[in-house]
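> What follows is each chain in one-letter form.
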Amino acid sequence: MNEITVKFTLNGEEVSISAPPYFTLLRLLRERLGLTGAKPGCERGECGACTVLLDGEPVTSCLVLVPQVEGRRVDTIEGLSDGDHLHPLQQAFIDESAVQCGYCIPGMIISAKSLLDNNDSPTRDEIKRAISGNICRCTGYVKIIRAVEVAAERMREDEI
Amino acid sequence: MKYKYVEKRIPRIDARDKVTGKTLYSTDRYPEGMLRARVLRSALPHAKIIKLDVSKARELAGVEAVLTHEDVPGHNGFGIVTPNWPVLCVDRVKYRGDAIALVAAVDEETAEEALSLIEVEYEPLPIIDSPEESLSPDAPLIHEDGNILHTMDIPPKGDVEKGLAESEIVLEQTYKTQFMEHAYIETEGGVGVYNEDDGVVTIWCGSQYAFRDQLQIARSLDWEPEKIRVIGSPTGGAFGGKDEISVQIHLAMLAIYTKKPVRLHWSREESIVAGPKRHAMTASFRIGAGHDGVFRAIDVKVVANGGAYDTISGPVLNLALESSPGPYKYADSRFKGITAYTNNAMGGEFRGFGAPQVVFGVEQELDKLARKLQMDPIELRLLNAVEEGDISAIGHRLNTSAGIKETLVAAAATSLWKDRDEIKHKLSGENRYREYGIGVASEWHAVGMGVGIPDFSNIIIEIGEGGAITLRTGAIEMGQGNLTAYAQMLAEVLECDISAIDVIHGDTTACPDSGSVTASRSILVNGNAIIDGVSILKPILIKIASEKLGIPEDELEYGDGRVFSRNDSGIALTLADIADQAISSSRSLKVTGHAVIAISDKDFGDGLPHNYYTYITQIALVGVDTGTGEVEVIKVISIPEMGRAINIDGVEGQCEGSVVMGQGYTLYENIIVEKGEFKTTSFSTYILPTALDVPEHETIIVEKPEKTGPFGAKGVGEAPTVPIIPAIANAIYDAVGIRLEKLPITPEYVMEKLREG
Chain A
1 MNEITVKFTL
11 NGEEVSISAP
21 PYFTLLRLLR
31 ERLGLTGAKP
41 GCERGECGAC
51 TVLLDGEPVT
61 SCLVLVPQVE
71 GRRVDTIEGL
81 SDGDHLHPLQ
91 QAFIDESAVQ
101 CGYCIPGMII
111 SAKSLLDNND
121 SPTRDEIKRA
131 ISGNICRCTG
141 YVKIIRAVEV
151 AAERMREDEI
Chain B
1 MKYKYVEKRI
11 PRIDARDKVT
21 GKTLYSTDRY
31 PEGMLRARVL
41 RSALPHAKII
51 KLDVSKAREL
61 AGVEAVLTHE
71 DVPGHNGFGI
81 VTPNWPVLCV
91 DRVKYRGDAI
101 ALVAAVDEET
111 AEEALSLIEV
121 EYEPLPIIDS
131 PEESLSPDAP
141 LIHEDGNILH
151 TMDIPPKGDV
161 EKGLAESEIV
171 LEQTYKTQFM
181 EHAYIETEGG
191 VGVYNEDDGV
201 VTIWCGSQYA
211 FRDQLQIARS
221 LDWEPEKIRV
231 IGSPTGGAFG
241 GKDEISVQIH
251 LAMLAIYTKK
261 PVRLHWSREE
271 SIVAGPKRHA
281 MTASFRIGAG
291 HDGVFRAIDV
301 KVVANGGAYD
311 TISGPVLNLA
321 LESSPGPYKY
331 ADSRFKGITA
341 YTNNAMGGEF
351 RGFGAPQVVF
361 GVEQELDKLA
371 RKLQMDPIEL
381 RLLNAVEEGD
391 ISAIGHRLNT
401 SAGIKETLVA
411 AAATSLWKDR
421 DEIKHKLSGE
431 NRYREYGIGV
441 ASEWHAVGMG
451 VGIPDFSNII
461 IEIGEGGAIT
471 LRTGAIEMGQ
481 GNLTAYAQML
491 AEVLECDISA
501 IDVIHGDTTA
511 CPDSGSVTAS
521 RSILVNGNAI
531 IDGVSILKPI
541 LIKIASEKLG
551 IPEDELEYGD
561 GRVFSRNDSG
571 IALTLADIAD
581 QAISSSRSLK
591 VTGHAVIAIS
601 DKDFGDGLPH
611 NYYTYITQIA
621 LVGVDTGTGE
631 VEVIKVISIP
641 EMGRAINIDG
651 VEGQCEGSVV
661 MGQGYTLYEN
671 IIVEKGEFKT
681 TSFSTYILPT
691 ALDVPEHETI
701 IVEKPEKTGP
711 FGAKGVGEAP
721 TVPIIPAIAN
731 AIYDAVGIRL
741 EKLPITPEYV
751 MEKLREG
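Protein chains in written order, with my numbering: chain A, 1 to 160; chain B, 1 to 757.
Okay, chain B solo, but in the shape it has when bound (with noise of 0.2 Å):
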């Protein structure tokens, strides 16, 4: 099949706003006559409040409002799952970013003199530093249910200690992972505006999921959601970060209570300290095997620390468990996962969302077997990775296109890995003091939200006054190109020109409710609701066309975008003719498209499992000074089976953002808390890849379209921030023969691993 538009390289329909500055991102409006916000954090990490006292920062000349827990009208917190983070904290502080007061006034500079005249006493707690000390008996409790937050048991498959016991090698370890910083270069921030005379209140904020905002907001307000209107569209990226509520809340309160316009936005301190970050893991690994390379049984146990509330913690472990046997055939399989409150940061919703964290350590534990078994470890993963309708390492059947093989093929195909002895040899020859090492690793990444979670997609498609389109979608831009992707889409289904759609995006009030732009999921849906809208669409305007024309429906065929007569092909209305006819006759040419994303036939609770997967294979090149144990990656190459590529440029984009963000969290980022206080509050100790740290790479696309996705698509998403991690530590073992257990790889990791030996 070709395309018009699909499985090209298109420019991005935003990119000419974005090269000019013309882009407004919701941190970008300076309404008039509006007042600065400030957040007025925690100053320890557990504590009891003792005492507020806001008046003399109310009487500050300049403050319009200074408002306390006493001012949520509504329920006082938030949360994807489980809303226990509060909008303003009442008598406790359980970590460093709790918000215990807003500030408005009339400048930065009077904002911030009133949050230092707020008088807050704290009875200082026992502060709980680590998943681990969480969960021992005599821990002092952070929520008064306890301190778990979450646990998951995979429902076992087969007998894993008897699998284990027969297996002829057993590998065991431990693997622990760091907290992450999204570093999203805008911050949270936006703008509240509320209009005495409807009665709403707008915010502009960064988002993800401007509709589930909308409910938070109305939650905690005790509004009709309809009196709150959010428009979370674009976003100077978000990396599952703008998924949760930041700023809204805060904002709403202040632009109702002021009835002025309200600006907030976090300094890059604050976001660090008060967002989200990917969790902190330990995971553990039992893995058994057969001297033909059959993988037989896994074990897996992840201890994640979940900071102070919930968000989304729960739903992250669960896919961790469910990344961590990779897209590999096990006969026996246990997976058990717990999350625990802590007062150091918050553990929540990241690009990967849990995977990164256990592949880390599952895929280095493949590439110690194949080296015991002196196999090639592409070979070793063929040898036991899925196909479509095999019976995965969790239990389920994989029910949709599932490509890890090919992807295996083509990396075992590449140069760099087919003359990886001679490249490496060529290059340490260059270089005395440095090793060459090559890595590979593969993973499979859930697609949507899983069981029993809903997943659903409705856009709106519009035919206007000379045949103008567009596509309405409360889907967010943060980056990831899906409006482009979404015009393409509907492009090629209308067979019409891409330039002709205009996209509106991320509106709670100008568009349908298109659920989350999370979980890799939004071509998938929203890509089968464009679909679903066309298919709506068609025969309305063969019947608009067929009244203006004289000529029967059944005479009448919609192709290269206009309705033309069987008979007579000359005889034809453009979209633009037949959307005249349809406003002269008041109607509109309007329709909703949905789609549900389909689920798996089991159910092991908490969404799990899922249905859909993208496979990828990642090798990297690297080189490891053994001087000074610093390790540069040379050359990636990203093999990813995403269906169908919608977008090739999108494609290789989102595989090329990925690996330096997986090189990032593998070399250099690392939030550090102690203690509940964190040690990395900016760029110069939270160390992020710069154009000098990025590798050669490369990107071959595998297709294997799934026959339920939009045009085969299932997305590309995530997966391509994930192997890269264990390719690296893979590569570094290549390179000098270290393993890694912890992240992230310092050179000074790397120079005592090498003096242990």
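In isolation and in its complexed conformation, chain A is listed as follows (with noise of 0.2 Å):
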């Protein structure tokens, strides 16, 4: 099949790729950008483990195509860090050991991003609702709500 060409801005840089139109977002990230931190699970939006931002709302990118992300905004975890410094969530998500094999962390950490963007001063249960679509199965969950305090905390205090 014939490929298109869409432009959008990955990361804060505008791309221009071209990929079959029936590829997802995830699979454009994957398999023409290089950028594998968004991952597969389930490719149905099940898992959330491939879990994007566009235009700064989370999105599970297996369920994104290609057309749909023309002249839009697509943030992913490569994203995330400002070179060698951390965003708050990443360095939270390491001190407070809320990563296991890791597979569900990046598409966890930004739907944790979305939350933070959105509320800086989150309940447990905003966190555990906004964090509900990414399965993880290897911590229970518990560090890793504590890891999205942690960080809430810490951008409030960086704020003040």
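Any given hint could turn out to be false.
What the hints assert, rightly or not - Computed footprint of chain B on chain A, listed as stretches where at least three residues anywhere in the stretch have a Cβ under 8 Å from a Cβ of chain B: (1) 38–49; (2) 56–62; (3) 112–119; (4) 140–147.
Because the hints were derived from the structure by calculation, they are not lab data. All values derive from a computational prediction rather than experimental measurement. Glycine residues also receive a C-beta, built at the ideal position from the N, C-alpha and C atoms.
Work from the hints to combine the two standalone chains into their complex.
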């Protein structure tokens, strides 16, 4: 099938890339753009491992088709840290030992980022709800929830 | 003893790459010019293959290989114990996951189309849906040598019939458990690359034991293992499910045939249908005790559904039997088990390894007994609990640290237990339609492979330029945090900075064989191998320092990451200095450490019994909605005794994750297979716990250092996945007075039981 070219903003930079129109955003990122942080876990929107931000909103990139990203903004785990300087969520996930096998973690952090972008003081229930679409089979979520709380605290302190 | 790295909260050494998305899992590899592979799976659960025609698929443009059983050069089978699971089926399929043909094509779409062009004609055979059916005298045979996959009788202890006859109280019950899916978020997958120059095929794949994968590939290719490199780490979750072959042999065949890189990554549905499951089992118990609460006799029978092929079903049944009495003393015991072949899901290795299926039942029986005797269930367990030196219920002496009593004492001291009536009363007052209950359960979980099964580790420690320390281990990082624990233990004994240590893992070329990452063994055996390696390294460091400093070896000492003079500690060489000296004289500072896990002095055959156990008690608080039957797990306390905690965060993380996995098994998860057809092939029908379902969790670490373990450690391992299951069931009984004899405990099942009264 003929490929189409889409232009969009990926982690703050303009990209123009060709792919078959039936490709998902997940496949576009992994197979054409070399960004493997978003993971395939089910490829039907049920596990959340492929979560990225589309115009700031968390989406399962396995359910977004290439033509849908034209002119939009896509943010992935690879764009979250500023060089060596980690995003507070990334640092908190390390500090709180919230990472085990780590395969779900990029999607998990992206969902958490979307929460903290909109709510700087989430309750524990709000955190649980925000990451409830991201399945983690290793951690039991306890340290992940704690890491999001710690990140929120640190981000609030940084604002002051 | 105060440690610098051990017994501390140490952030994972691999976490930074994981939170930034830099970690490359096997399925993150997309080499240039790579082909996409797909596997044709059987359309029927049990059938003869009458015709297999791949000619049309081979003719499709873009298809570079279509391989069948004719292309398997060596043994057409794999399996950890008995290699009877076909690489590619010849003339018969035995379950829906059976592989018939392989396709490699230029892209996914072409590969998919090629699959549809393969013509297979089947002659359906009767479908054996359960072990009971399989073992009936007139059942059609799934394997030529019969439908019995494995039997195990632990040599009886005492006289169980007499013991039961003489018991004042006898309890009898049968429990049934379901198939469970590992549901690692990274499904089975990887990449194969054949290098024509050196004739080596390299397989990147999610694994638990790269060296066994290498041998299994070699056996099917009829190749020398040295020509096969397996890189099996890191992997995105395994839980036992990646100890067996999945994509490895298929990738090797396709890469060698096409001479191009090949990628194969199972879909979620394929992972569920083709991959191994926790065995569905039926476990029957007869338990006799006195009015004083002293256990007298236990009689256990287990029937397991093995699925179509062997893999590791035998050892799973064996461990189910060994686990079944729990960490208690009985004068008389008998344990018998049988695993049968069927045409439904493949039974295989899964965290807990047979224990969840039996502990679910036996610990409910103990709860019943406590209520009958009007005894506190913790007191009842304490009264019968083993100690180091005791003879276990299966008749072997416990020669290693046994802290079940300490975990029970700690459980009794928790506020959740002490104040349980008050806690339940308060919650009930707040919620009219819910009843609350608190349950407790315990377990002992074997560590290591057991008698007669190779149980060794080799590790390599090397100090290079600038004092850089490399630890090489064949062990796989699958999320359990072992790389960090190894670095902690190495830093502790080498008295160096943990950040100087680089751990290279899971690669058959770059690492020595450390044995499989399974059986909760990797802290114990690899920790001891690291300590052994450092004990070999230190005299070498002193020898080289002696040459450089011109001071006799016996006047030098190793400490704080340097060699110094006993007479003047100011005269010292750092690891970097010694490494430079070694390099300048063309010597290497490279040593291999070894360890073997000690075995029991009894031998019951087939790997039984074990010599080390993790002990654990768990308490669960649940709420039961009496209108809907829904069960909410509100709070769980895990109290493991693992000898010594190497990484506190690691032990907690293992407990938290295990509890939620155990909760999923208890309440939601069920691979439903009817007449060989899978009804739950996605996460919309196979229900996993999400962040919204998880309880508040507390870990209380009990340490009872084991003299033969590294720093006293045995490993926390799989244990926390297990007693949580009956703890929830006992809590439900405490809340609404119903006993649950099968899993999962769905709202429908609870309502059915509530209606029965």
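> Taking the hints in turn, state whether each one holds.
Checked hints:
For a cut-off of 8 Å, the count of residues in the stretch 38–49 of chain A with a CB near a CB of chain B stands at 10, and the three-residue condition holds. Note: the stretch 56–62 of chain A has 0 residues with beta-carbon separation from chain B under 8 Å; the three-residue rule is not met and the coverage is violated. With a cut-off of 8 Å between beta carbons, the stretch 112–119 of chain A has 0 residues touching chain B; three or more are needed, and the interface restraint is violated. With 6 residues having a Cβ less than 8 Å from any Cβ of chain B, the stretch 140–147 of chain A passes the three-residue criterion, so the hint holds.
Consistency note: the structure conflicts with the earlier hints numbered 2 and 3.
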